[in-house]
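Trainee: In order, the protein sequences belong to chains A and B.
The first sequence begins at 1 in our numbering and counts up by one.
The second sequence begins at 1 in our numbering and counts up by one.
Keep in mind that the hints were calculated from the coordinates and are not lab data.
None of these values were measured; they are calculated from a predicted model.
Please note that the accuracy of each hint is not assured.
Chain A is faced by these chain B residues, among others (derived, beta-carbon under 10 Å) [unchecked claim]:
#	residue
1	59
2	77
3	80
4	82
5	83
6	87
7	111
8	120
9	133
10	154
11	191
12	213
13	214
14	232
15	236
16	247
From the structure, some residues in chain A lie toward chain B, with a derived Cβ separation under 7 Å [stated by the list, open to error]:
#	residue
17	34
18	35
19	146
20	153
21	307
Just so you know, even glycine gets a beta-carbon here, dropped at the ideal spot from N, CA and C.
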Amino acid sequence: MMHEGIWVFGDHRNYYQDRVTLQLLARARDMAEKIHTYVGVVVIGAGVDEYCMEYTAHGAEKIFLVEHESLREYSLGRFTGVLTELVRECRPEILLVPGSDFGRLLAPKVAARLGTGASSDCIALDIDEEGFFVQMSAVHDGSAVAEILGREAYPQIATVRPGVYRERPHDYSAKAELVRVDVDEGAFRERIRVISSSREPAESGGLEGAQCVVCAGNGISRGGIKRVRELAALISAETGCTRPLVEKNLLPHDRLIGQTGKSVRPELLIVAGASGAAQFTAAIGGSKCIVAVNRDQHAAVFGHCDIGIVGDADSVIRRLIARLKK
Amino acid sequence: MNIVVCIKHVMKRKAPGSQPCPRPGIMNPGDRAALRAAVHLAGNAGEVTALTMGPPGAEDTLREALALGARRAVLVCDARCAESDTLATSYVLGCAVKKLGNADVVICGTRTIDSDTGHVGPQLSELLDIPLLPYMQSCSAGKGTVRGVSRCDGIVQEIEADCPCLITVDECGERVYPPLGKLGRVFTEGVVERWDADMIGADTSRTGRDGSPTWVRSVKHPERKRAAVILHDKPGGDVIGELLALLKERDIMLRARVRSDRGYGGYDA
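Put together the whole structure using the sequences plus the hints.
Mentor: Quick look at the structure:
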């Protein structure tokens, strides 16, 4: 039997903070044109009409809705069961899952239950000339990009982090076909007991909306971090960093720029002492002007910046502060 | 409690831009947190088994796991498992966990430094058909249960599951290195059991490159996305001045907040 359609999992839990479902709908529409298929969105929950309308306005052509009171709260066990059943019944060709923490669990679980392939944290998705679905993913600590393809198993599943694609503008005249699906109660099994649940307080000082960001990489010394913060304060910028600094506990995780952290798109981004791993550069592509400082003139980061300075990042930052203070 | 902790032996590569240069691998840094959680959860009465699938060189990583508190170490090493993708890897690890037989809890890390998919924990929980406690920040053992704090998309939950179950552990906290004396001893005396696909009853049509539902068509080094103006910071030069001039050409004025002649903070575009 034919497999048809590009589906996006509607990850509506943090809808107003997190637009990745809309971004994937936009990409799905571009790809669907190449293989002459439709774009569907899966909405699982209770009281989710609003999201169905939003997804329609952002490019979904079919909405597969599973509505049930027991699905009001996110549940990995239930959502895995429901999505797997839905896929078995409606047979999409491709399933895109937002790379939220939840999506990064849901996608591999559904893939394992179906015995199909999944790729993770794609930095680009495309349909090649032969019509194959190509998933590009950073490997080897971000120094290289792998092109991953599926064999004859459907759907091919991929997760994509927020910020890789841009959402389409609202089109409130858009129409979508609503497909209500009843799923067997057996799919609703959840073996995890939730004892208590709370939402973390929203972070202050958003990196994501910042107009100016100074980002410290591994080439910045322990003492240099202080100066990076000083520079950021001096020019009213937000401070960010790359993964090694979080791993060394030099800066908190909410300052992490990269695929597993925040995507930034400021007017000016100063990257000091970062090598330019693909997971990092995928999250800065929307920046208007990027200045990079690195001692190694062959560092990958110089392929992703507008102004590059080959030199010691600590020293350049120190002298920049001194000059600005003059 | 008996714990199986899945550990990955990864090849560390040189910096981007230079030629890949495989070194003898290392224990995936994120898996140290998993091992730490395993030793903590097992308590005095339990036993921790470190499990990996990998090349013969992965023995070193397992010896390190022994030095860090594992009692038993198993390496599934079979050419028919080489180039497995995440699902095939999870299948092989699942067969090995079943063969070990008595695991109350299976623990995986959430991140690896090479391919970093985060798939193996969730997929292994599916293949073993046991509940998954994901992104655990802390955990403790109850009577036939495991409970702990999980953090997922800004929501913090205390969750619990009956054993057997699978936990994925977020990388966090300090890195731990084994005491040198002990490390020396386990390298000479430690025993790493080596199993092949037949010993764990794995169907090899589901393992290795041909048994994997995904395949890698190519691995490329990313191309340059932006054409950069490159400045060199040399003694006697004024790289800061050159930078500020280039920014000015782009209508970006960097100013210090305290001395801004426009009376407000820092940055104008």
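Trainee: Against each hint, give a clear statement of whether it holds in the structure.
Mentor: Hint-by-hint comparison with the structure:
1. 59: With Cβ-Cβ at 22 Å, over 10 Å, it is violated.
2. 77: 22 Å, violated
3. 80: 17 Å, violated
4. 82: At 16 Å from the nearest chain A Cβ, residue 82 of chain B fails the 10 Å test, so the hint is violated.
5. 83: Hint on residue 83 of chain B: violated, closest Cβ of chain A at ~12 Å, above 10 Å.
6. 87: For residue 87 of chain B, the interface hint holds, since the closest Cβ of chain A sits about 6 Å away, which is under 10 Å.
7. 111: Hint on residue 111 of chain B: holds, closest Cβ of chain A at ~7 Å, below 10 Å.
8. 120: Interface hint status for residue 120 of chain B: holds (8 Å vs cutoff 10 Å).
9. 133: Holds, because the Cβ-Cβ distance from residue 133 of chain B to chain A comes to roughly 7 Å (cut-off 10 Å).
10. 154: 5 Å, holds
11. 191: 32 Å, violated
12. 213: 3 Å, holds
13. 214: 4 Å, holds
14. 232: 5 Å, holds
15. 236: 13 Å, violated
16. 247: At about 7 Å, which falls below the 10 Å cut-off, the nearest Cβ of chain A leaves the hint on residue 247 of chain B intact, so it holds.
17. 34: 18 Å, violated
18. 35: Constraint on residue 35 of chain A not satisfied, violated at 18 Å.
19. 146: This hint holds: residue 146 of chain A lies near chain B, its Cβ roughly 5 Å from the closest one there, short of 7 Å.
20. 153: 4 Å, holds
21. 307: This hint holds: residue 307 of chain A lies near chain B, its Cβ roughly 5 Å from the closest one there, short of 7 Å.
Hints 1, 2, 3, 4, 5, 11, 15, 17 and 18 from the earlier list are contradicted by this structure; the remaining hints agree with it.
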